[in-house]
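A.B. asks: Next come the chains, spelled out residue by residue.
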Amino acid sequence: MIVAPENYVALSAVLFTIGVVGVIARRNPLIMLMSIELLFNAANLALVTYARAWVNNVGHIFAFLVITVAAAEAAIGLAIVAVTFRNLPHVDADDAAVLKG
Amino acid sequence: MITFWILAILLIASAVFVVTAKKPVYSVVGLLANFLALAATYLELQAEFLAVIQIVVYSGAILILFVFVIALLSSGVKPFEVGPDRAPRIAVPAVLFGALVLAGIAATVVGANTAALRGAAGVTGDANAFGSVADFGAALFTTNLLPFEVTALLLMVAVVGVVLIAGDEGPAGIVRRRKRRSLERESIVKRERAVR
Amino acid sequence: MLLAFVWLAPLAGGILLWTFGPQLRSWAGPIGSALVGASFLATCALWGSATVPGGLHVPLVSWLGGWNFGLQLDRLSLVWSLIIAGVGFLIHVYSIGYMDGDRAFARFFAYMNFFVFAMLTLVLSDNVIGLLIGWGLVGLASYFLIGFWFDRPSAVAAARKAFVMNVIGDVGMMFAIFLIVAKLGTIGYADVFAAAGHALDSGTVFLICVGLFIGCAAKSAQVPLHTWLPDAMEGPTPVSALIHAATMVTAGVYLIARFAPLWSASPEAREMAGVIGGLTAVSGAVLGCVQWDIKRILAYSTMSQIGYMIMGVGVGAFTGGVFHFLTHAFFKAQLFLGAGIIIHALANEQDVRRMGGLRTRMPFAFGAMLVGVLAICGVPGFSGFFSKDDVIYGTLASGHPWLYAVGVLTAGITAYYMLRLLFITFFGAYRGDVEAAALGITAQTSGPSTAGHHAQEEEPHHHAPAGLMNVPVAVLMLPTIFIGWLDFGEGSPWKRFFHSFPGFDAAVTTAAMPELASTGVVLAVVAAGFALAYARYGTPAALRDAVTRLRNETLGTPPILVHAYYFDAAYEAIFARSARALGGCFDRVVDPHVIDAGVREVAISAEWLGHLLRSFQTGLVRTYALGVVFGVACFVAYYALAFGVSR
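Protein chains in written order, with numbering that gives the first Met the number 0: chain A, 0 to 100; chain B, 0 to 195; chain C, 0 to 646.
Just chain A, with the same shape it has in the complex (with noise of 0.2 Å):
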């Protein structure tokens, strides 16, 4: 290995850290689950990043199956959003505010 695996977790917990800003700072909900997949991907390649430093394979069938999770959690997210905003105006995460205290 020539680059040290720090770098890859270093990259992993920037791309983590955009994605968490992305989920909080926007209100359009598509943005914020694309936002979220980008959570699910930092995570990958920390996974991968690991398992070629230890020559495991655990951690490639890991992010299999982060893979297919965050896939049926987006499509699923998705369908949320598409009923919800059906016949609201304008798709904005703030109108959901029924729970408002």
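If you are wondering where the hints come from, they were derived from the structure by calculation, not from laboratory data. Each residue gets a CB set at the ideal place from its N, CA and C atoms; glycine is no exception. Some hints could be false.
Listing some non-contacts, in silico: residues in chain B with all C-beta distances to chain C over 12 Å [to be verified]:
id, residue
1, THR19
2, ALA32
3, ALA39
4, PHE48
5, VAL51
6, VAL55
7, ILE69
8, SER73
9, PHE96
10, ASP134
11, GLY136
12, LEU152
13, ILE164
14, GLU168
15, ARG175
16, ARG179
DSSO-like mimics (lysine-lysine), calculated; alpha carbons at most 30 Å apart, straight line [unchecked claim]:
id, chain 1, residue 1, chain 2, residue 2
17, B, LYS178, B, LYS189
18, B, LYS21, A, LYS99
19, A, LYS99, B, LYS22
Selected chain C positions facing chain B (in silico; Cβ < 8 Å) [unchecked claim]:
id, residue
20, ALA632
21, VAL635
22, ALA636
23, TYR638
24, ALA639
Assemble chains B and C onto chain A, guided by the hints.
C.D. replies: Chains B and C alone, transformed into the frame defined by chain A:
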């Protein structure tokens, strides 16, 4: 080393673009770029099978799903994101906390002795064919068969869920819609008669 | 067991009549009287067991290890119990007639029964705590009964005044009891007296006696805590008879007699008691000479006579002082009840200036009052003669010549004003239809109780027989006349009764003159008082000009006597005004701005906290996500600091 830095810049730039783009379609394109760069990174990390899976599943299926939903929601609707921002400047604490997480991870990982943990994990599979399809498949269908089957079940659940949430109401729904429309017509007619 | 019945029967009566008063209505009178009568009979039945040395002792409850509460019927408490229950019974019967038609008939008897119970608690306790409890309850009963007609502001004020002054006495008592318990560790009389000899130094004994005497002074209306007694006449006449003549005000005398062993050990305290008793006797008598309300005259005479009793026990003449209590209970009750008959018959007129000539109109009342007056003045043969003589000679025998002079002088003044009362009320022409101004009655010269008691008549219903009030008065005439003979002579039954009672054998020094000579001196002074009263009020000339003479006397009374030596004014200026100012300050400043503000602040801060917490519930997914991220950041920070940073 150079490839690492190029890919790193690509990843970060596309991620930032995804998060800050004005329109969702732009974000989707940015996300595509992000996924492709990530696939290249996987190749760099000797995870060939996973790189392909990344492109096929993520870029090929999930992104397309996003595009469809954008199209569904934007047909005949004004531009997105109107209405007052009810939590302005929330980006400040978000960035702050995110930076904290980053710092924490960095502090933990950088300089840590990862080689020592190697022994605990153990080597699996064929070291020569690490990351190849054969190696991956062998691991998936032997050691990790149970997670595989459970994931299949999970996907089925997801499909059923999606159909339930967003699906059509079926024949009963058509009857209901027809009844509703006839009722609407009746009330409009009554109102006009009352006006006259 | 019978002793517990004696003690609790009146309490049962009080509770019963209080709870079922409205239902029982006119049955309340007979029921209340019957219970007190039963108590009296039970006490008589216990005579035998009480007269053995040490008396009858019934332990009730033991508390906190070593504190034993119980009942005790020895000779001293036997005498008091018989009076309380016996005279109490007669007054209850009298009240059936006197309070007839009153709207709160049952409540009156409930309170009277409660009073009898409280007084019995006081005298039947075998420990100082029980004494204190009885003491307080009696003050409470007095408050209830003085302010019985509570829609009269003067009655309410009088009740409050009595209660507050009694509380001052209570504080003194408590101080004394604290000393006793602190130094001796026990509360039972027997233990206290047994330990007092060797465990207490004379300074402590003096302090204890002073504390006890403060209680006496308040309860028995001695100077300077006497101002409540004249005002207490706002209560109904039976109340005045029972509480403020026969029993409650004598609690102080009981106290000193009960604690005789301690008093005997402190000559200074006894000096103090004797001096104050004498001072009260003479000042009360002087004030009695200028009163115009029949009940106030009797109130001041009570104050004066109790001064005699205190003086007696103060100088060590315990048997004399207690005997004077016995005779005084009878003749004072007789006087009050007789006065009550007059007041009732004259439709609540209490001012003697408007009476007169009642000798022919109400012969029975005249007879009763005459007997009472003869007894109180110490006319030979009547009961008061023997007891007063005992007390007065006791002062001489124990070497207090000045107190002897005071006692003799007071006897003369007593004779004067009691005969004055008789002449003004019963002789001459009836002045009820004379103009008030002609008699000198103005708003200033008539006290608050001249307004008479509030009749509160109801619709006509079953009235008690008119003679019901006369029966107890007639019954009381017998002991008023004859009971004095119990103490006739040196080896009298009375003295033998109290032979070797703890503390009663005080030192008797040789007297300056023999008893017979002393008696002669007293009788001479009494005769002088009679003569003076006759000269001013009883001669045919005086009776003819009664209206003018009374008016002149009213207008000519020295102001210091009219205002009762300005005690009331002084108390008002020193204590009452500042207390009211303090209360006003609390009402206007502390209550709204400090206490209310504090409570409001608590509520406001709770509300503020609620608002703060509510601001977290924005309903926006983004903010909730921010919360999650914040948690993650904390987590990561913790792990980084705890496990990471391993260079």
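A.B. asks: Confirm or reject the statement that PHE48 (chain B) sits farther than 12 Å, beta carbon to beta carbon, from all of chain C.
C.D. replies: The claim holds: PHE48 (chain B) sits with its nearest Cβ about 31 Å from chain C, beyond 12 Å.
A.B. asks: Is it true that the CA of LYS21 (chain B) sits at most 30 Å from the CA of LYS99 (chain A)?
C.D. replies: holds (27 Å)
A.B. asks: When you look at the beta carbon of GLY136 (chain B), is every beta carbon of chain C farther off than 12 Å?
C.D. replies: holds (35 Å)
A.B. asks: So, as I understand it, the hint says ALA632 (chain C) touches chain B; can you test that by seeing if any CB pair is closer than 8 Å?
C.D. replies: holds (4 Å)
A.B. asks: For VAL55 (chain B), is the shortest beta carbon distance to chain C beyond 12 Å?
C.D. replies: holds (30 Å)
A.B. asks: Beyond 12 Å from every chain C Cβ: check whether that's true for ASP134 (chain B).
C.D. replies: holds (32 Å)
A.B. asks: Was the hint right that ALA636 (chain C) lines chain B, CB cutoff 8 Å?
C.D. replies: Hint holds; ALA636 (chain C) Cβ to chain B Cβ min 5 Å, cut 8 Å.
A.B. asks: Are all C-beta atoms of chain C more than 12 Å from that of ARG179 (chain B)?
C.D. replies: Its Cβ never comes within 12 Å of chain C, the nearest being 30 Å, so this holds.
A.B. asks: Measuring from the C-beta of ALA639 (chain C) to each C-beta in chain B, is the shortest one below 8 Å?
C.D. replies: Interface hint status for ALA639 (chain C): holds (4 Å vs cutoff 8 Å).
A.B. asks: Hold the hint about VAL635 (chain C) up to the distance rule: shortest CB distance to chain B must be less than 8 Å.
C.D. replies: Check passed: Cβ of VAL635 (chain C) comes within 4 Å of chain B, closer than 8 Å.
A.B. asks: Holds or violated: LYS99 (chain A) and LYS22 (chain B), Cα atoms, limit 30 Å.
C.D. replies: holds (28 Å)
A.B. asks: For ALA39 (chain B), which was marked as not at the interface, is the minimum beta-carbon distance to chain C over 12 Å?
C.D. replies: The claim stands: ALA39 (chain B) keeps its Cβ more than 12 Å from every Cβ of chain C (closest is about 28 Å).
The structure does not agree with numbered hint 9 stated previously, though it agrees with all others.
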